[in-house]
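These protein sequences, in sequence, are chains A and B.
Sequential numbering of the first sequence, starting at 880, is according to our numbering.
Sequential numbering of the second sequence, starting at 3, is according to our numbering.
Heads up, some of the hints might be wrong.
Selected chain A positions facing chain B (in silico; Cβ < 8 Å) [what the hints assert, rightly or not]:
no.	residue
1	Ala1190
2	Lys1191
3	Ala1192
4	Ala1195
5	Glu1384
6	Trp1482
7	Ser1493
8	Pro1494
9	His1495
If you are wondering where the hints come from, they were derived from the structure by calculation, not from laboratory data.
Quick reminder that beta carbons are idealized off the backbone N, C-alpha and C, glycines included.
Here are the chains, one letter per residue:
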Amino acid sequence: MNRRGADERGMPTRLAEGRPGSGAVRALGGVGSDVGAPPRLAEGRPGSGAVRALGGVGSDVGAPPRLAEERPGYAGAVRALGGVGGHVGAPHVEVDARSITGKAARPERHVPLVVVGAGPAGVAAAVEAARAGVEVLLVDEHPVDNDMMAMDVPLYFGGRMQPAVRNRSLMLERVVESNPALAAAAEAGVDVQVGTYVWAAFVPGPTFRELDGPLLGLADERRSWLVGYERLIVAAGARDVVLGFPGWERAGVMGAHAAAALLTRYRALAARRMVVLGSGELGLRTAALAVEHGVEVAAVVEVADAVRGDAKAARALADAGVPILTSHTVREARGRTGEVESVVLVSVDGETKPIAGAEREIACDTVCLAVGLAPSVELLALAGARLRFSSGLGGWVPEIDGSMRTSAAGVFAAGDCAGVHEGWLADGDPARSQGRLAGLAAAESLGALRPAARSPLRASAAVPPAAGAQVHGHWRTWLRSLIHAGGWDVNICQCEEVTRRDLVETRPPRYLAWDSASMTARNVETLLRDGPINQDQIKRLTRAGMGPCQSRRCREQVGLLLAEATGTPAERIPLPTFRPPIRPLPLSVLWPADEPPAMREDWVSWFGIPTQFSPHWEAGMAIDEPTARGRLIVSEE
Amino acid sequence: MSEPAGAAVIIIGGGVTGLSAGWWLARAGVDVLVLERGIVGWEASGRNGGGATHVYSPFGLEEQRLWPQMDDLLGYPTEYQPRRIGVALTEPQLALARRWAEIGEMRGFRWESLDRRQLKELVPIVGDNAIGGTYLHFGGHANPQRTVQAYAWALQDHGGRILQHTPVTGLTVRGGRVTAVETTRGPFGADTVVIAAGPQTGLFADMLGVALPLAPARVEMIATEPIPLMPTGGVAGNGLYGRQTLRGNLVYGGGPHEWVDVPDMAAPEHPNSPLVRNLARRLAELFPGAAHVRLIRSWGGVVENTPDGLPVIDRLSDPDNVVLATMSSVGFGLSPAAGRGISELVLHGRCLFADLAALALRRFADTPPDWRERAGWMGSDARLAETP
């Protein structure tokens, strides 16, 4: 593993630090880098030894054990508490060496302010804080690596990426070039890191005390690390609301946000002829953007009986030869192989039911869902921000005050993740204003700025986010029309192959081959008799949402279907929990190279209580699980 | 809908221990009501490693006898799979794996040693760092979330009742008996009460003037995306417990716990910590062939432990109609048997199929009130408070 610029672990050394004023945008392994190709782990070959290259297996596992110290503590205490023999525990404070006490994770780096997301809001926040003299780290995950894109994470890419996305340095160039604000931010002294995922926030709480302060988990495609922060501004944006239909598993069905990212940031959208679903601002803008970039748009499809977006934009599309088909829904995406080759649309009546004989098939290679956007709140949830339901803002959004502060101390939200509605898509100003406010508020709270300096922004009408039209009713209309046109035996969760029918009948997965009258008698209605509908509970039973895409393609449509099937208002279905990692990352990437000896030396699989697993028929026979520190103790007293 | 204001047996706690007991009682035609503060199986019962290999326990033989039948008995799938493989990367790990196997052998079960070659045939993702292992012709694993719901539904199928979202707030004692259980929905009368409330079991015992020493702790697990199914999914080692699910995910836990305090009756928080990285490392060490596999999920849970880590399954003498039931953090696998044992304590005053003397509450009669401090089973806050 001897690469120029690599350390003894085979990891690339970091580029020259982006110190304030240096103007360097750090892209690990990318632009300006002198690091060679990243070390790739040999994949899937048992015993390949690749893991050893990371200083892992064989390095400290199996090290010669030191003799277990005769230390007072658990074993002594247990004996004093009525066990056999032994001595009274020493009067000083005992520590359970097998617990997390004293092993709190240490961050690799500590930054006063981290801003997550380098869109308009995030950049504005970072620059505002940097100008106030705060040390700021701005991270953005784009360019996302190809494997992640293939999983439709974090956007619904639908397999419509050109092969160029595998070229990491090219993608880094394009992402940086497409966002001139990044270079400006670096010039302003912001430490900018692109191609970096934020996969967790760790915040102390009543059951999580062994933590000096809040931490973020960061990663790139090679390794992960922890960053401590004083203030966090989350500007994570939004993602597409996904609704399924027959054939949506085919490559070519994707989301509008993903299409925009592939068109403008990556310049790598592999689409020639597209049908756009949705005629709100999102759909109209997506169609216009596609046309602008030379993608043929065969139609814009709308379930409602009128165009929902701006009339002028709709006319411009019509002039460009793009028909807008209102009162239509999707029956099926067809293709001989795993790719979309055409989409079958059908006219619907006033009850969103298909009109017999009113089908049309449109040749296309891409079906772009532009029905709606959901704020990306997973990091905010992990950071402890309380969320509330607002249909005018896209669903679950953080509770925030006039300074973009969330309910979590030191955590702010700005931009689409604080609430999104289509009326704002044309205008970047609300996001930027929110970002600036958050940046200033964070700076002020760090003592960097006097309150008077903030006043020009107070009058901004963008804060707190003003709700737009309620969207869930419209999304349910879409869903209803898709069910009428496509039926119940359509996958709602692609990862786990759970159909709409499976979901409302709370069926166990097909691979269990379970068939019983008692199971058949159970469904969401019977579940409802025992308590309010809970999406996490239904996830446990049906597996909907348990796949590698981390429910990005099904979370909203499952909620909508449950609401529809049980007559529950959308806001009454509790938010399904988010858990780390909020990006799917390989074990080898999450692998901590910086594991302290204390973590390994006293590692046991359960509590290390000698009597817990000892045979009950031989009292006093203790079994102590070995740790790297001590030998196996099997005592018979 | 109006409900009867009581039951012959009220079970406080809708986790796997209480539900199994309730199912056994309902099967026997007993009028049972389970009171659960949230959703059934929401806490440790639905968050554990699914292991079912506890032959060391007084419940162990019955555990082994029952699991292969549980799908049929319950009428719902548990995803139970028999047998276990222990993988060792070091000599001490191998000695421990053998110890578990030998305990099974003492109970009449069969096992075999595995060398590295045999291990690799059975577990394709182990690496050259594995030195050997064990193949147990006993034990196994199941899906905790599916199983706990199965108990609940089966209990209902037999005429038992479950009230979710019904926290218990108090116990009414008259004439040396608990006569009613107080809840947020009002009181429910009972002839017998089973308290199987996980970490809260001690709090309810307190209400009766009974000391049940329990220390709660937060633990964590991780889950990967699915990988091709191995012949035996119940494989673990390197300081990890867990399994490969029938879907193919690798689901494992282990490592340091955090001693906590849980608020009265409210659901504790179960965040994850940076330990997920250390778990990822342990898992990649155990299965180098899966080092590239992606972690997609993690979760935490809160479990409770007694001072010796062993259950308390006991019928009190005063009040004389109360059964206390805590499995001391090792409850899922033993639940089919523990539930039966609890039902027999209710119906017959003693367990008929096993001797539960080792699990009696009286063994803690002399446990000092500051036992947690003396054992060091405290979280950082509490420890700091103790430091002179």
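Evaluated hints:
A hinted interface residue such as Ala1190/A counts as satisfied when its beta carbon comes closer than 8 Å to some beta carbon of chain B; here the least separation is about 44 Å, so the hint is violated. Taking 8 Å as the C-beta cut-off, the interface hint given for Lys1191/A is violated, the closest approach to chain B being about 44 Å. Hint status for Ala1192/A: violated, given a least beta-carbon distance of 39 Å to chain B, over 8 Å. Among the interface hints, the one on Ala1195/A is violated; its C-beta lies about 42 Å from the nearest C-beta in chain B, farther than the 8 Å criterion.
Interface restraint check: Glu1384/A against chain B, minimum CB-CB distance 14 Å, threshold 8 Å, status violated. Because the beta carbon of Trp1482/A sits about 5 Å from the nearest beta carbon in chain B, less than 8 Å, this interface hint is met. The interface hint given for Ser1493/A is met, as the beta carbon of that residue sits about 6 Å from the closest beta carbon of chain B, less than 8 Å. Hint on Pro1494/A holds. Least Cβ distance to chain B is approximately 5 Å, under the 8 Å limit.
At about 5 Å, the closest approach between the beta carbon of His1495/A and any beta carbon in chain B falls short of 8 Å, and the interface hint on this residue holds.
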